[in-house]
Every structure is written in structure tokens, then in C-alpha cells.
Amino acid sequence: DTGVSQNPRHKITKRGQNVTFRCDPISEHNRLYWYRQTLGQGPEFLTYFQNEAQLEKSRLLSDRFSAERPKGSFSTLEIQRTEQGDSAMYLCASSWGGQETQYFGPGTRLLVL
Amino acid sequence: QKEVEQNSGPLSVPEGAIASLNCTYSDRGSQSFFWYRQYSGKSPELIMSIYSNGDKEDGRFTAQLNKASQYVSLLIRDSQPSDSATYLCAVNKFTGGGNKLTFGTGTQLKVEL
Chain A
20 DTGVSQNPRH KITKRGQNVT FRCDPISEHN RLYWYRQTLG QGPEFLTYFQ NEAQLEKSRL
80 LSDRFSAERP KGSFSTLEIQ RTEQGDSAMY LCASSWGGQE TQYFGPGTRL LVL
Chain B
142 QKEVEQNSGP LSVPEGAIAS LNCTYSDRGS QSFFWYRQYS GKSPELIMSI YSNGDKEDGR
202 FTAQLNKASQ YVSLLIRDSQ PSDSATYLCA VNKFTGGGNK LTFGTGTQLK VEL
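These protein sequence lines are chains A and B, in that order.
The first sequence lines up with residues 20 to 132 when you count with the working numbering.
The second sequence lines up with residues 142 to 254 when you count with the working numbering.
These are calculated hints, taken from the structure and not from any lab test.
Everything numeric in this text was worked out from a predicted model, so none of it was measured.
Hints may be right or wrong, so weigh each one.
Ranges between beta-carbon positions, derived for each pair [said to hold, decoys possible]:
1) SER81(A) / GLY200(B): 40 to 46 Å
2) GLU253(B) / LYS33(A): 39 to 45 Å
3) GLN221(B) / THR39(A): 23 to 29 Å
4) ARG83(A) / ALA209(B): 39 to 45 Å
5) GLY170(B) / LEU79(A): 20 to 26 Å
6) PRO89(A) / ILE159(B): 47 to 53 Å
7) LEU132(A) / ASN207(B): 43 to 49 Å
8) ASN49(A) / GLY200(B): 38 to 44 Å
9) SER181(B) / SER92(A): 28 to 34 Å
10) THR95(A) / GLU253(B): 41 to 47 Å
11) ARG83(A) / GLU186(B): 41 to 47 Å
12) SER153(B) / GLU97(A): 40 to 46 Å
13) ALA72(A) / ILE159(B): 23 to 29 Å
Note that the Cβ used here is the ideal one computed from N, Cα and C, for glycine as well.
Could you build the full structure based on these sequences and the hints that come with them?
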């Protein structure tokens, strides 16, 4: 069990560029979550997958955001046409169906200039 | 009213003392409750989960839940400087699609020598 991994750990981009983040969950976990955390706030839910199905999306997830989990293993989160307000820590968590406990990865810190 | 409320702190306690962290939540349908510890610049790390009214102890940590009062707390006994971190309270309500966590803004704990 190597835990949840995320790549890259840091990303600096210019406004208007597209960025993509990857999350590899704990191997036997079928549920995968994306959260966003800004300074001084708790993580905010973005979206959730059970296997390859995206079952819930937050209203925070504008049409510039898209997430996929094509084979029910790793997931990607893409932000198109980044804005300065997208600067945040993007956290991925996973859990096993039947267990509610979510384990977080190290996060990807995004800075949009 | 925020869904999950915590005092932002900082809460300062001397080394060896008991630290008491509190959290209230608004949704009576909430089913499970979690405490995460987050060091500056790092991702949340699970400390405790609690599902039923009463106390749950794990080492130096005790979680307390009172669903009637919509209140959950975390006690840290024999506080150590390494306990200095932000403590996030998270609440889970099964939405039919998954187990989305709603977080408070966190309480900053400082354990002083």
C-alpha cells in the first residue's frame, strides 16, 4: 500500500493556459474524490468517481473543469483557460466501497500568474 | 449558517496539557464524522473517525460525538509540540452517489514548550 499519489506536486502556469493533474488512488480503492483547498479554508468537494463513473459534481466545478477516470484506476483533473482564482491546492482522496474513510494524497499546488 | 463550524484559533496549550477542539454541524442527516490533522503546506491526514454517540479513544486522542447537540470534539492528551497543526473537522452524509466530506475551516493548535 503506497498511498494516494498525485502529480505534479506543484504547477505554475500563466492565465489562460490549460493544466492537467493526475491522481493514483490506493490500489484496491474504487472510490476517488477531488477537492480544492484555498488558504485558510477547509477542502471543498469538487467531484467523485465510483470506478469509472462520475457520480457527483459540485457547482464549484465550472465548465472549464473536467475530470475523468477512464479505467477506474487513476484519474485526471483538467482546468482549461486557467484564471488567477483557480490558484489553490487540489487534493485527491480515495476510499473503498463500504468504508467511508477517505485517504488524501499529497496534493497538487497550482499557482496561476 | 456554515455547514461545519470550527473556531479558527489559534488555540495555544502548554506541552503536556489537554487540547480540546470543537466542531458543530448543521445537517442532522450527517452520518459519520472525521478529524484530520494538516501541517502547513501538507495534505490532511486522518486522525479519528466516529459514527455513534459517545466517546472513541485512540492513543492520546479521544473523539466525542453528540448527535442531539450536533457537536463533535477532539481531545488530545499530553499535547506535544509535534501536535501543532491545523485540525479539520469533516462531516459525511451519504448522498446516494457517494460519501462527500464537508469540512470546517479548521482550528490551528499551537503546543508551546
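Hints, verified against the model:
Under the hint 40 to 46 Å, the C-beta atoms of SER81(A) and GLY200(B), about 42 Å apart, fit the expected range. Taking 39 to 45 Å as the suggested C-beta distance range, the pair GLU253(B) and LYS33(A) conforms, at roughly 43 Å. GLN221(B) and THR39(A) have their C-beta atoms about 40 Å apart, which leaves the hinted 23 to 29 Å range violated. Checked against the hint of 39 to 45 Å, the C-beta distance between ARG83(A) and ALA209(B) comes to roughly 43 Å, which is consistent with it.
Between GLY170(B) and LEU79(A) the C-beta distance comes to about 21 Å, which sits within the given range of 20 to 26 Å. Our hint of 47 to 53 Å for PRO89(A) and ILE159(B) holds, since their Cβ atoms are close to 49 Å apart. A C-beta distance of roughly 47 Å is found between LEU132(A) and ASN207(B), which places it inside the suggested range of 43 to 49 Å. Between ASN49(A) and GLY200(B), the C-beta spacing of about 30 Å breaks the proposed range 38 to 44 Å.
A beta carbon spacing of about 31 Å between SER181(B) and SER92(A) agrees with the range 28 to 34 Å that was offered as a hint. Evaluation of the 41 to 47 Å hint for THR95(A) and GLU253(B) yields a pass: the beta carbon distance comes to about 43 Å. Roughly 30 Å separates the CB atoms of ARG83(A) and GLU186(B), a value that falls outside the hinted 41 to 47 Å. Distance hint check for SER153(B) and GLU97(A): the Cβ-Cβ separation is about 42 Å, which falls inside the suggested range of 40 to 46 Å.
Between ALA72(A) and ILE159(B) the C-beta distance comes to about 45 Å, which lies outside the given range of 23 to 29 Å.
Hint compliance for this structure: hints 3, 8, 11 and 13 are not met, and every other hint is.
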